[in-house]
Amino acid sequence: MNEILSRYHFPAADCSRIPYGMYRDAEIYGLEQERIFRGPVWNYLALEAEIPKPGDFRTVVVGDTPVIVDRAKDGTVHAFVNRCAHRGAIVQRQLHGNTKVHTCCYHQWAYDLQGKLAGVPFRRGVNGVGGLDDDFDPTCHSLQKLRVESLNGVIFGSFSDAVEPLEIFLGPAFVAQLRRLFHAPVAVLGYQRQRIFGNWKLYSDNVRDPNHGGLLHMFQITFGIARLSAKGGAVLDAEGKHNMSWAAQGAPAAGGGDDYQDTARGDMNIKLRDPSMLQYRKEFPDDLSLTIASIFPNCTFQQIGNTLAVRQFRTKSADEFEVVSTFFGYEADDAEMVKHRLKAANLAGPAGLVSMEDGEAVEIVHRAIVRDGDSHSVVEFGGKGPVKDQENLVTDVPIRGFWLHYCKLMGITPGGAA
Amino acid sequence: MSSEVQNLFETYARLLDADRLEDWLDLFVDGCHYEILSRENVAQNLPLSLMLCDSKDMLVDRVMSLREANIYNIHVDCHILSFLHVEEIEGVIKAGCNYAVFQSNQEGESRLFSVGRYQAEIIRQHGVLRFKKMRIVVDTGAVLTLLATPL
Chain D
46 MNEILSRYHF PAADCSRIPY GMYRDAEIYG LEQERIFRGP VWNYLALEAE
96 IPKPGDFRTV VVGDTPVIVD RAKDGTVHAF VNRCAHRGAI VQRQLHGNTK
146 VHTCCYHQWA YDLQGKLAGV PFRRGVNGVG GLDDDFDPTC HSLQKLRVES
196 LNGVIFGSFS DAVEPLEIFL GPAFVAQLRR LFHAPVAVLG YQRQRIFGNW
246 KLYSDNVRDP NHGGLLHMFQ ITFGIARLSA KGGAVLDAEG KHNMSWAAQG
296 APAAGGGDDY QDTARGDMNI KLRDPSMLQY RKEFPDDLSL TIASIFPNCT
346 FQQIGNTLAV RQFRTKSADE FEVVSTFFGY EADDAEMVKH RLKAANLAGP
396 AGLVSMEDGE AVEIVHRAIV RDGDSHSVVE FGGKGPVKDQ ENLVTDVPIR
446 GFWLHYCKLM GITPGGAA
Chain Z
4 MSSEVQNLFE TYARLLDADR LEDWLDLFVD GCHYEILSRE NVAQNLPLSL
54 MLCDSKDMLV DRVMSLREAN IYNIHVDCHI LSFLHVEEIE GVIKAGCNYA
104 VFQSNQEGES RLFSVGRYQA EIIRQHGVLR FKKMRIVVDT GAVLTLLATP
154 L
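Chains as they are written, first to last, in the numbering used here: chain D, 46 to 463; chain Z, 4 to 154.
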């Protein structure tokens, strides 16, 4: 086994124990860039609605690799590493824009919208002196391309030649969820960014842990809006790597009763003065009012009532990551609906009334697990053993699904000998 | 008038820094609008904010939620205000200034948490100046950890 991986031991084959060191080790982080983000996966890149016209581009990040996503003259979408083939500089320095070519400011190497090297100034030197040798072949110096596939206007990219087609990778439940959220042309409402000083996997665990929703995020409980005993659950793909936590509007779980008397806070039943942002305007054919769909490895598609967004996780180091959220509605929304979505956005993001706690939760774990890398966190809510769909919210089984797939890609055998 | 406006901004910052959020609410009129936007969205003409209260009741709810429901990093804030600009147009005072908010944890470690600009509309009510509108455009659009206490 790889020397770096042999430092930590997963004692349980079902990943119900996760060694702390996996979150803190800088060399594990380096290996993840190669085996996870550049491995056989599809990373969320951007929405086609962000680059509607030929020449439109946005610069994004996959893991920690800078990437340009753009639309070529023929309307096709392309993605390539934002690093000049010459001396390694960032080529496109703008966050977004429209251009005919991407030109590196350092020595003016220019790349077309498909990432091909289109121009090198002074290639022949001046008056036959200087410049590049005659054997320089521009076709060998394109920007490194990512494979690109798009589903209902959601663009994914992959560094891997081996990865299966996007829809197979997503699996039927997540193809259906993306078709559900992107059933009509979307309009971007804006971005939110959050810099969290912890390991990115503590965040990907967090979005696969429905159990914390009604215990950490007490806004809805305090104001009598929702409870952990509500009807809800988690849907996984066949491998368990993707997860969608869901809850249905106004439907208490069978059996009633819950355990809030065991928490420090309980039901305070305080009323909001202006609950208008909480109103859910039914806009999908089903009753789901909360869906948090996390696609391995780098994104989450969120529906919190009428607040729709996709979050892209961008890693900075083992100890820091950024969450970039793109909030959207539909082109067909009327002014009232746009206003409602903007107001309801108070619930989500770094200042979100039901989400701000996540930043703190990740950081307090990250700080406390600085030592004892071979000690473990406990992941047993919803039961141990095989990973499968969950019919209630008091579960963290999807975390194990993430880790089982993570271990497979990293080359770790959980439960194997130390 | 300029010194009166300056006094209002300073009271605003002082009450936030002292965690007197309930008293801070009194600086807003009933039909107020409070919004925190990132410069990134403003520059692209995108309407999404980080925090949006389009009524005084929503602002009161924010404060109540912080007190009763939300969990966030334990910290104190320190505001620094500068470059106040004031103009009066038909009875409405438009005022703006730059701000910096430093955040410190319990162990006395401080970090620059947010910089940006206040853009306010101020009216006189019962003889005193109050905020009718507070629009905060943050340069620090990449929020460090989380944004709980109003800026």
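Treat the hints with caution; some may be incorrect.
Computed list of chain D residues with no C-beta within reach of chain Z, every gap over 10 Å [stated by the list, open to error]: (1) H186; (2) E367; (3) C452.
Simulated pairs of lysine to aspartate or glutamate, DMTMM-like, Cα-Cα distance not exceeding 25 Å [stated by the list, open to error]: (4) K316/D x E38/Z; (5) K98/D x E38/Z; (6) K136/Z x D33/Z.
Since the hints were derived computationally from the structure, they do not count as laboratory data.
In this text, a Cβ means the ideal position worked out from N, Cα and C, and glycines have one as well.
Here is what the structure says about each hint:
1. H186: H186/D is indeed farther than 10 Å from all Cβ atoms of chain Z, at 33 Å.
2. E367: violated, 6 Å
3. C452: Its Cβ never comes within 10 Å of chain Z, the nearest being 29 Å, so this holds.
4. K316/D x E38/Z: holds, 23 Å
5. K98/D x E38/Z: violated, 31 Å
6. K136/Z x D33/Z: holds, 11 Å
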